[in-house]
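Visitor: Each chain, written out:
Protein chains: 2
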Amino acid sequence: MDPKQLAFHAALSQAASAVEDRLDALLPAAETELAAAMRYATLSGGKRLRAFLTLEIAGMFRAPRVPAERVGAAIECIHAYSLIHDDLPCMDDDDLRRGKPTVHKRWDEATAVLAGDALQTLAFEILTGAQTAQDPAIRIKLIRSLAQAGGVFGMVGGQALDIAAETAVSPLSLDEISALQSLKTGALIRCAAEAGALLSRSDPSPFVAYADALGLAFQVQDDILDVTGDAEAAGKRLRKDDAAGKATFVSILGIDGAKRRASELAEEAISHLSPFGLAAENLRQAARFAIQRTS
Amino acid sequence: MDPKQLAFHAALSQAASAVEDRLDALLPAAETELAAAMRYATLSGGKRLRAFLTLEIAGMFRAPRVPAERVGAAIECIHAYSLIHDDLPCMDDDDLRRGKPTVHKRWDEATAVLAGDALQTLAFEILTGAQTAQDPAIRIKLIRSLAQAGGVFGMVGGQALDIAAETAVSPLSLDEISALQSLKTGALIRCAAEAGALLSRSDPSPFVAYADALGLAFQVQDDILDVTGDAEAAGKRLRKDDAAGKATFVSILGIDGAKRRASELAEEAISHLSPFGLAAENLRQAARFAIQRTS
Numbered sequence: 001m002d003p004k005q006l007a008f009h010a011a012l013s014q015a016a017s018a019v020e021d022r023l024d025a026l027l028p029a030a031e032t033e034l035a036a037a038m039r040y041a042t043l044s045g046g047k048r049l050r051a052f053l054t055l056e057i058a059g060m061f062r063a064p065r066v067p068a069e070r071v072g073a074a075i076e077c078i079h080a081y082s083l084i085h086d087d088l089p090c091m092d093d094d095d096l097r098r099g100k101p102t103v104h105k106r107w108d109e110a111t112a113v114l115a116g117d118a119l120q121t122l123a124f125e126i127l128t129g130a131q132t133a134q135d136p137a138i139r140i141k142l143i144r145s146l147a148q149a150g151g152v153f154g155m156v157g158g159q160a161l162d163i164a165a166e167t168a169v170s171p172l173s174l175d176e177i178s179a180l181q182s183l184k185t186g187a188l189i190r191c192a193a194e195a196g197a198l199l200s201r202s203d204p205s206p207f208v209a210y211a212d213a214l215g216l217a218f219q220v221q222d223d224i225l226d227v228t229g230d231a232e233a234a235g236k237r238l239r240k241d242d243a244a245g246k247a248t249f250v251s252i253l254g255i256d257g258a259k260r261r262a263s264e265l266a267e268e269a270i271s272h273l274s275p276f277g278l279a280a281e282n283l284r285q286a287a288r289f290a291i292q293r294t295s
Numbered sequence: 001m002d003p004k005q006l007a008f009h010a011a012l013s014q015a016a017s018a019v020e021d022r023l024d025a026l027l028p029a030a031e032t033e034l035a036a037a038m039r040y041a042t043l044s045g046g047k048r049l050r051a052f053l054t055l056e057i058a059g060m061f062r063a064p065r066v067p068a069e070r071v072g073a074a075i076e077c078i079h080a081y082s083l084i085h086d087d088l089p090c091m092d093d094d095d096l097r098r099g100k101p102t103v104h105k106r107w108d109e110a111t112a113v114l115a116g117d118a119l120q121t122l123a124f125e126i127l128t129g130a131q132t133a134q135d136p137a138i139r140i141k142l143i144r145s146l147a148q149a150g151g152v153f154g155m156v157g158g159q160a161l162d163i164a165a166e167t168a169v170s171p172l173s174l175d176e177i178s179a180l181q182s183l184k185t186g187a188l189i190r191c192a193a194e195a196g197a198l199l200s201r202s203d204p205s206p207f208v209a210y211a212d213a214l215g216l217a218f219q220v221q222d223d224i225l226d227v228t229g230d231a232e233a234a235g236k237r238l239r240k241d242d243a244a245g246k247a248t249f250v251s252i253l254g255i256d257g258a259k260r261r262a263s264e265l266a267e268e269a270i271s272h273l274s275p276f277g278l279a280a281e282n283l284r285q286a287a288r289f290a291i292q293r294t295s
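Taken in order, these protein sequences are the chains called A and B.
Okay, so the first sequence: first residue is 1 according to the numbering used here, each after it adds one.
Okay, so the second sequence: first residue is 1 according to the numbering used here, each after it adds one.
Hints were generated in silico from the structure; no laboratory data involved.
Given the structure is predicted, the values throughout are model-derived calculations rather than measurements.
Keep in mind that a hint or two might mislead.
The list treats identical chains as interchangeable, and a pair is accepted whether it falls inside one copy or across any two copies.
[To be verified] Below, simulated BS3-like cross-link-like pairs (lysine-lysine); rule was C-alpha separation at most 30 Å, straight line:
no.	residue 1	residue 2
1	Lys246	Lys259
2	Lys105	Lys246
3	Lys4	Lys100
4	Lys240	Lys105
Use the sequences and the hints to build the structure in full.
Guide: Shown next, in the form of structure tokens:
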């Protein structure tokens, strides 16, 4: 592997382990089934791409590490809550997530609803802490950014559109899928990048533009892997969209077209990083990783 | 009716209508089914006791009205989200709420889960606004108070205990029910009172103690009305706990014992208001109302 790729993978796994430790300390002790379910859903691994973005961007401007890890942990709580609720029988009805039973299979639906609810609450509570940012005005900006990313004009709104698409008469167009994914998965990725800029008092706009393109590239690659990947490596059920007759980037563009689109999006993401020279190398590698990964 | 009672009822309905207007403006326009469901669940009336407490306590100290209405609206969003999720088939499985179909009956379960999720997010977003409090440090305190009231050591934790109690081998004791209700319904009532004090920079402790006793008195009366009331006036299914073999204040204390307990709790609530003289008269009446109401 190229030294730049190695450095990126080191940074990604270092961010993942730092945020995992932070989450371990911030989550309630597993003294109740509810708390155990919250820990199970949040500490079960994953790439921690969102937390990586926050830490990496904060780190580029030498912002302190602990606040960035706390913000990364809060964003991962929101991500984990959304996965628990999305996996419910009334939503995507998934039994497996990262190779393990989903929360409602391991416990029950009531516990899954409540664990998701409590993880959302915990995310906002984490952001109120003085250790997240000494200046309360910065904490308010972080909370506002996360609330806007998570709400009806962000992640939850996108999930509602996605569910509506399943029963729609005609499949979505390319623009409609892009708009849907920009809400469903893009909003939180964008928030993670913006948070890194807020913590380091740098201009968020290039990072938000980078994260927009990165999030979409990631999603196009997800659609490609859903068709070409194997379920064991993915740790979840694949080819579900095709079975449900749902439009995806692949169903509209074909495999080769989707690969080209992913590549364009990664290049677009990278183009927003030109002001930052060598300091942005890990973010450039993240954009390449988004479209080269196999799981 | 006694003039003091009249003044209280005027303040209660004025608070309800002010917070309803505020919610109407803060909720997203009903342009999607998700937004329509959020509006339906949040604007469907109710006593607005929580918002009343915030407005009344802020008003006692002449704190400005708009911030208190916004905080009341945020707390009512959390209350509404908790009712949507509690009504789900996997939780209490209720078809009616305030005489109308519950969200998952009127729409579907996916919409109910997402509308609840988005209402929780909206509550925190409302609190970040500069109109909620000019000083960001006060906004942070309000957000922290709401997050602690809503989370695993508050409302959601209480709901999890309540669901666990349904399948427990032995019914709960009086202390256990009191502890459960102090989380499930008490935490948010306490938060509403604390928020009024935070907005007016007054000492929260007497109001928190008042709200603790008031919340419990309210719950004891709910258990009494569940046995003696009629479903039409209540707008929901009654005598469910009895059918499920669940312990309540009435099943443990009997009707007369529960009435005595409610009365003691109302007196205890009132006792915490002695420093405030005439200014606290509406809060005193609220405690009497909690145990005299018939629906």
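Visitor: Each of the hints needs a verdict: does it hold here or not?
Guide: Hint check results:
1. In the homo-oligomer, the alpha carbons of lysine 246 and lysine 259 lie at most 30 Å apart inside one protomer (19 Å), although the nearest pairing across protomers, at 58 Å, exceeds that limit.
2. In this assembly of identical chains, lysine 105 and lysine 246 lie within 30 Å of each other by CA distance both inside one copy and across copies; the values are 25 Å within and 26 Å between.
3. In the homo-oligomer, the alpha carbons of lysine 4 and lysine 100 never lie at most 30 Å apart, since the shortest distance is 32 Å inside one protomer and 60 Å across protomers.
4. For the identical chains of this complex, lysine 240 and lysine 105 are neighbours both inside a copy (19 Å) and across copies (27 Å), given an alpha-carbon limit of 30 Å.
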